[in-house]
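Colleague: Residue numbers (full-length UniProt numbering): 1 to 32.
Just so you know, these hints were derived from the structure itself, not from any lab.
Just to be clear, a hint being listed does not mean it is correct.
[What the hints assert, rightly or not] Here are the simulated lysine to aspartate or glutamate pairs, EDC-like style, with alpha carbons at most 16 Å apart: (1) K3 x E23; (2) K3 x E27; (3) K24 x E2.
Please read all numbers here as calculations on a predicted model, not as lab measurements.
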Amino acid sequence: MEKAIITEVTGQNGAYLAELLLEKGYEVHGIS
Numbered sequence: 001m002e003k004a005i006i007t008e009v010t011g012q013n014g015a016y017l018a019e020l021l022l023e024k025g026y027e028v029h030g031i032s
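Please model the complete structure; the sequences and the hints are all you need to start from.
Modeller: Here's what the structure looks like:
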């Protein structure tokens, strides 16, 4: 399983990226 850390996950682009990566099977961690 791939992992991703997204900064500014609460913003529009971060939220979109998190959703996209989750759909692709990534383990996503976000920092606001």
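Colleague: Give a verdict on every hint.
Modeller: Okay, the hints, checked on the actual structure:
no.: 1; hint: K3 x E23; result: holds (13 Å)
no.: 2; hint: K3 x E27; result: holds (5 Å)
no.: 3; hint: K24 x E2; result: holds (9 Å)
Of the numbered hints stated above, none is contradicted by the structure.
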